[in-house]
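A.B. asks: Protein chains in written order, with the numbering used here: chain A, 3 to 156; chain B, 3 to 156; chain C, 3 to 156.
Bear in mind the hints are in silico, worked out from the structure with no lab data behind them.
All residues carry an ideal CB built from backbone N, CA and C; glycine is no exception.
You may find that some hints are simply not true.
Said to hold, decoys possible - A few chain A residues that face chain B, going by a derived Cβ cut-off under 7 Å, partial list only: (1) 28; (2) 31; (3) 68; (4) 136.
To be verified - Distance windows between CB atoms, simulated: (5) 14(B) <-> 57(C): 24 to 30 Å; (6) 56(C) <-> 136(A): 44 to 50 Å; (7) 13(A) <-> 3(B): 53 to 59 Å; (8) 22(B) <-> 18(C): 29 to 35 Å; (9) 16(B) <-> 119(C): 34 to 40 Å.
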Amino acid sequence: MGRIEDRLRELGLVLPAPKAPVANYLGTKRSGDLLFVSGRVSALKGEVGGDVSPAEARDAARDTMLDLLAIVLRDIGDLDHVVSIEQVRGFVRSAPAFAAQPAVIDGASDLLVALWGDAGRHARTATGAAQLPFGACVQLEMVVRIGKTSDLVG
Amino acid sequence: MGRIEDRLRELGLVLPAPKAPVANYLGTKRSGDLLFVSGRVSALKGEVGGDVSPAEARDAARDTMLDLLAIVLRDIGDLDHVVSIEQVRGFVRSAPAFAAQPAVIDGASDLLVALWGDAGRHARTATGAAQLPFGACVQLEMVVRIGKTSDLVG
Amino acid sequence: MGRIEDRLRELGLVLPAPKAPVANYLGTKRSGDLLFVSGRVSALKGEVGGDVSPAEARDAARDTMLDLLAIVLRDIGDLDHVVSIEQVRGFVRSAPAFAAQPAVIDGASDLLVALWGDAGRHARTATGAAQLPFGACVQLEMVVRIGKTSDLVG
């Protein structure tokens, strides 16, 4: 078990089983030192600011990031190979008057910083969406930098 | 004619004439080994799940990917220079209750895998949008990896 | 003062004070030769095609790009270190019938080309959004290429 997985345990968090893509794409694609991580939606459905509260959506963003990390772990074998989080993009399914998307996506960003420290700090865009796949309330994708590439499984 | 163009013909597909950007941007921008391909919208207009059926939208996604490939061909001279498809992002203009965006974008992803095989498999995000340029039902952008750079035209 | 800042002055434009991120993320993240610039929203609020006119939104897109450039300047010390603009993504908060997002985002693209010439020409996607953070009418993010990395501050 590596350092990042130790840190997850210290935080009382458990990675879920890595989910398979819902259609014809990869969970991650390696591109040189970068790993493009495909978008995934939250299990929680609904409109934030409507039937989903901002606090629930923030938790859903954290849980969706755990889903992304489980997929990254499966694909590269060890989360310690992730040396930096480069960019995160989050879509928040928003009721018409809801405009606090950044606070929702902080659920994901806070987790990355808790796990990787300064290297987990990233560029980010949080955007509203009227509809997301399966009616989910949050969708996240990211780009990470990987090292020790000679050791990589994927 | 290269291998990818041969494969297109075997599939009974024809690349359209490459369209010019509709505003002040490039069809593609090369960045080291990566090529950023600008977003393009489908010729088919309407809301998926409303006046456009999911099957029609899926075909529109495939046709829009043909538009992207025509632009890539114009800009780098030979589709065989594309060694890998890294990331695809698709926006689907969605009626309020429509939540099957991934199946729509498969129209594009399936084509890439049919043309490039495993190298055509990519990271992807499929998102809903309430509105797209010109009222189109689908918008696609992508990042591809190019090789044989000493031979490149663009 | 560098060449790009000179050019800004010649255009009669002034960079604003660089704004801090509104949540737990960085204004920019360096990734090798690339700099991922986080999304920022316009100060101008409203729906384009509704309470905001397309011309006002285009000006807001230019002003938002000035905000991005101010952040880039703070983070890398000199805009002349930016050797190329690779990709710009713009979200336009759109009234239901508004479909001219590309013309809005030209407010940002035109500025980049005015400042960097051909190197400022970029891949781009302009998309509609039903809602954006703080009710803004425009949101922009970009990826730029930086050079002279041995001199960089950030």
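A.B. asks: Next step is simple, just say for each hint if it's right about the structure.
C.D. replies: Cross-check of the supplied hints:
1. 28: holds (5 Å)
2. 31: holds (4 Å)
3. 68: Violated - the Cβ of residue 68(A) stays beyond 7 Å from chain B, reaching only about 18 Å at its closest.
4. 136: holds (5 Å)
5. 14(B) <-> 57(C): 24 to 30 Å: Distance hint for residue 14(B), residue 57(C) is violated at roughly 46 Å.
6. 56(C) <-> 136(A): 44 to 50 Å: Check failed, 34 Å falls outside 44 to 50 Å.
7. 13(A) <-> 3(B): 53 to 59 Å: Given a distance of about 56 Å, which is inside 53 to 59 Å, the answer is holds.
8. 22(B) <-> 18(C): 29 to 35 Å: Given a distance of about 34 Å, which is inside 29 to 35 Å, the answer is holds.
9. 16(B) <-> 119(C): 34 to 40 Å: Given about 36 Å between the Cβ atoms, the range holds.
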